[in-house]
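Colleague: Let the sequences and hints guide you as you build the complete structure.
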Amino acid sequence: MSAVLETCGLTKTFGGLTAVDDVSFTLAKAELLALIGPNGAGKSTCFNMLMGQLAPSAGEVLLAGAPITGLSPRQIWRKGVGRTFQITATYSSMTVIENVQMALLSHHGEVFRFLTFAHRMHREEALALLDMVGMAEQADRHCAVLAYGDLKRMELAIALAHEPQLLLMDEPTAGMAPRERIALMELTAKIVADRGVSVLFTEHDMDVVFAHAHRIMVLNRGALIAEGSAAEIRGNPLVQEVYLGGGTVFGAEETAHA
Amino acid sequence: MEFFVAQILTGLANASSLFLVACGLSLIFGVTRIVNFAHGSLYMLGAYTGYTFMQVLPGAVGFWTAILLAGLTVGLIGMLVEMLVLRPVYRAPELFQLVATFGVILVVQDLTLMIWGPEDLLGPRAPGLRGVYRIMGEPIPKYDIVLLILTPFVALALWYLIARTRVGVLVRAATQDREMVGALGVNQAWLFTGVFALGSALAGLGGALQLPKGGADLLMDFTILAPIFVVVVIGGMGSLPGAYLAAILISVLNVFGVTYLPQSTLVLMYVVMVVVLMIRPYGLLGREEVAGEHGQVGEPETPIKPASGPVRLMVIAGLAVLALVPVFGSTFAQVLLTDIVIFCLFAASLHFLLGLGGLVSFGHAAYYGGGAYIAALMVKHAGSPMEAAFLLAPLGAGLAALAIGWVCLRLTGVYFAMLTLAFAQLIWSLVFQWGEVTGGDDGIVNIWPADWLNGTTIYYYFALALSVGGIIVLRHVAHSPFGYALRAARDSARQAEATGIDTRRVQLVAFGFAGMMGGVAGGLFVFSKGSVFPNELEIVRSFDALIVVFLGGVKTLAGGVAGGAFFKGIEDLLTRFEYWRLVMGLLIIFVVIVAPEGIVGSLRKAASRLGILKTAEQT
Numbered sequence: 001m002s003a004v005l006e007t008c009g010l011t012k013t014f015g016g017l018t019a020v021d022d023v024s025f026t027l028a029k030a031e032l033l034a035l036i037g038p039n040g041a042g043k044s045t046c047f048n049m050l051m052g053q054l055a056p057s058a059g060e061v062l063l064a065g066a067p068i069t070g071l072s073p074r075q076i077w078r079k080g081v082g083r084t085f086q087i088t089a090t091y092s093s094m095t096v097i098e099n100v101q102m103a104l105l106s107h108h109g110e111v112f113r114f115l116t117f118a119h120r121m122h123r124e125e126a127l128a129l130l131d132m133v134g135m136a137e138q139a140d141r142h143c144a145v146l147a148y149g150d151l152k153r154m155e156l157a158i159a160l161a162h163e164p165q166l167l168l169m170d171e172p173t174a175g176m177a178p179r180e181r182i183a184l185m186e187l188t189a190k191i192v193a194d195r196g197v198s199v200l201f202t203e204h205d206m207d208v209v210f211a212h213a214h215r216i217m218v219l220n221r222g223a224l225i226a227e228g229s230a231a232e233i234r235g236n237p238l239v240q241e242v243y244l245g246g247g248t249v250f251g252a253e254e255t256a257h258a
Numbered sequence: 001m002e003f004f005v006a007q008i009l010t011g012l013a014n015a016s017s018l019f020l021v022a023c024g025l026s027l028i029f030g031v032t033r034i035v036n037f038a039h040g041s042l043y044m045l046g047a048y049t050g051y052t053f054m055q056v057l058p059g060a061v062g063f064w065t066a067i068l069l070a071g072l073t074v075g076l077i078g079m080l081v082e083m084l085v086l087r088p089v090y091r092a093p094e095l096f097q098l099v100a101t102f103g104v105i106l107v108v109q110d111l112t113l114m115i116w117g118p119e120d121l122l123g124p125r126a127p128g129l130r131g132v133y134r135i136m137g138e139p140i141p142k143y144d145i146v147l148l149i150l151t152p153f154v155a156l157a158l159w160y161l162i163a164r165t166r167v168g169v170l171v172r173a174a175t176q177d178r179e180m181v182g183a184l185g186v187n188q189a190w191l192f193t194g195v196f197a198l199g200s201a202l203a204g205l206g207g208a209l210q211l212p213k214g215g216a217d218l219l220m221d222f223t224i225l226a227p228i229f230v231v232v233v234i235g236g237m238g239s240l241p242g243a244y245l246a247a248i249l250i251s252v253l254n255v256f257g258v259t260y261l262p263q264s265t266l267v268l269m270y271v272v273m274v275v276v277l278m279i280r281p282y283g284l285l286g287r288e289e290v291a292g293e294h295g296q297v298g299e300p301e302t303p304i305k306p307a308s309g310p311v312r313l314m315v316i317a318g319l320a321v322l323a324l325v326p327v328f329g330s331t332f333a334q335v336l337l338t339d340i341v342i343f344c345l346f347a348a349s350l351h352f353l354l355g356l357g358g359l360v361s362f363g364h365a366a367y368y369g370g371g372a373y374i375a376a377l378m379v380k381h382a383g384s385p386m387e388a389a390f391l392l393a394p395l396g397a398g399l400a401a402l403a404i405g406w407v408c409l410r411l412t413g414v415y416f417a418m419l420t421l422a423f424a425q426l427i428w429s430l431v432f433q434w435g436e437v438t439g440g441d442d443g444i445v446n447i448w449p450a451d452w453l454n455g456t457t458i459y460y461y462f463a464l465a466l467s468v469g470g471i472i473v474l475r476h477v478a479h480s481p482f483g484y485a486l487r488a489a490r491d492s493a494r495q496a497e498a499t500g501i502d503t504r505r506v507q508l509v510a511f512g513f514a515g516m517m518g519g520v521a522g523g524l525f526v527f528s529k530g531s532v533f534p535n536e537l538e539i540v541r542s543f544d545a546l547i548v549v550f551l552g553g554v555k556t557l558a559g560g561v562a563g564g565a566f567f568k569g570i571e572d573l574l575t576r577f578e579y580w581r582l583v584m585g586l587l588i589i590f591v592v593i594v595a596p597e598g599i600v601g602s603l604r605k606a607a608s609r610l611g612i613l614k615t616a617e618q619t
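Line order of the protein sequences matches chains A and B.
Start counting the first sequence at 1; every next residue gets the next number (the numbering used here).
Start counting the second sequence at 1; every next residue gets the next number (the numbering used here).
There may be inaccurate statements among the hints.
Said to hold, decoys possible - Simulated restraints, written as ranges between beta carbons of each label pair:
| no. | chain 1 | residue 1 | chain 2 | residue 2 | range |
| --- | --- | --- | --- | --- | --- |
| 1 | B | V169 | A | T18 | 32 to 38 Å |
| 2 | A | K79 | B | Y260 | 53 to 59 Å |
| 3 | B | M180 | A | K190 | 40 to 46 Å |
If you are wondering where the hints come from, they were derived from the structure by calculation, not from laboratory data.
In this text, a Cβ means the ideal position worked out from N, Cα and C, and glycines have one as well.
Modeller: Right under this line is the structure:
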């Protein structure tokens, strides 16, 4: 069967700068794929192209074999792609469950209904989603008073509302306490296992990446430089050079001293 | 050709005072992000104080000294206003300061009336500059030539101040990133005060300088307000060269308009503004605003719930009392209450946009007055029965709102607000100047309801039923999926778009819906009064609604209605006194400073503190 997500030669240039350079990869069903790389490697640009926030300069994005290149975020969402944000984006004037209900209303095409009470619609479904991320008991709290980790979990529930086949998570654990990070990734891994969702995520926390990702891709200066299992990536000299430095700075110092 | 040159010279001369006032406004906005509606009042004060100084100081030296002194005095007044009124509310939600500046307008109006009296003052001619110069055979007043030469120098001086001095560096830095400037150890409070004083001084100078051309009167604060906003917005908010360019553009255009299309001078100005903003949304020389998700500064709004049983009972009891008013109340009470419920519907329709949608429309009167005019025009020109005219009012207003919203929603924040204002003013100027159809300033009279509704009591019930019905519909929609989507688009457009909600479409429909409800209020209004005049479309009317929504409480569902009822009631009481504006202005400033959550918000807070009202979250 075809991959859930496939990119061919994805490229983005800003003026003279090539932020993402000829990136091609595939994501299989129920796979948890990590995209890592140092700051400025092009992870976010890559993500924004997948989600439709940015149009690629060249290349193609295929969702289950069908091209989605250049579609708007809304259209891509409708095709079964969910996403979570690096900095949470939530409806701060609503309760937790209403945040999820809103996504469900949109999913069921009920946004332009004027007569029914929104807070009574799809409540069961929303509760089930919240239960899955362990937020059911907080369903009726005002989401503005939640802890950041809880907001992230709520956002995950929102992203799962339309039963996506693919979930894109942009630094899912950014800004969280270490214990929360592990819990969130365990939850994500469990959802991948239970529901067969494919997940592509970017991450800076290597513990999170190595503990849960099925496969890891490394991006540097816009290009994919390595791909493989946790052990392979850990042992890859090129990756070590990118993350720990290739000795250019200290090497140069030594030469200068000598 | 000669005539052409003379026209352009006159235009340039007119631009000078406009530029001075507008660049003061632009400066203030650029640094403090305050949309200072009181700027026209400062201009008026400049003219009046300048007049007084000129009476005292003799000769040419006295004349020019008086102008400078007027600038200085108004600068000091501006400083006072900033310190007393604006400083306490910098932390209040965005655009809340605007309401405070409106309070200042009212206060200044009455103080001016007290000090200088109601008569228009004829400006003294500039000594030694009484005659005309002949340029290519065309007479140009000498004073115009002086102004024309003077303005570039003032502009240059300002440019030097902004571009070449340390103060200027701070001001420019603050226009770009206030927080950073604060973090670098600059005392922001004094920087703001200083800029506000400078901007005010410029307004004062502008007011005093135009004395020989226009004199001083009590209406000049609002007369200048619209043009200076047009200039600032066309030029790009915060840009001084932009303001200069736009002032010249508008003034020259105006002079030619007077010659060739005398009925359309006002319309022309707003058409130019709309066209410029559609092509360059941030003005000719303005920079793009990076709009973050900061529509809701301050505490986030609490989740809304449909009214509980006891609240519903209270509302029903209140309605029962209102329904019984004709039994025990006077005719006057019925007329007053008719006014109040209509105004409440108007305010509630704006609140729907402002509160739920976070869409600050400065031109909501367009739909209220528009609805009223549509009904009146139908009756007058098409001879249509009242019922048909009444149905067309909301329909037409809703369609107009859809069209205007479609254009305006491409912008956000202050620029959105300004564009809505421009459209409202465009409609106002059309009605004002297209005398043959709309009756112009004389309005349209003799628009009475159908026979079955003709009578104070029956119309009272009609207005009550439709207004309360409209308010209930607005409230109900707030709880519907659509209302939720509108709040979602306000809270986080990013998330809403990422979950398949077409935020612009949602906002557009909301704009049309709110416009339609405003149209219902307008239709009710015209048949209750039997007439309609252009002032129902004026900025002042839009501000009325904005103020009651802000003061009632933007972040509470009942804010619009409560504010509307409270202030319309208070206004009726106050207008019996001579200086009611002063009291009203002070009251507005007081509420803004003491209760920035608005009436409903503050009551709710007090109630939950006392334990009467249970909040979902007792933290």
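Colleague: When the structure is checked against the list of hints, which entries are broken? Sort them ascending.
Modeller: none
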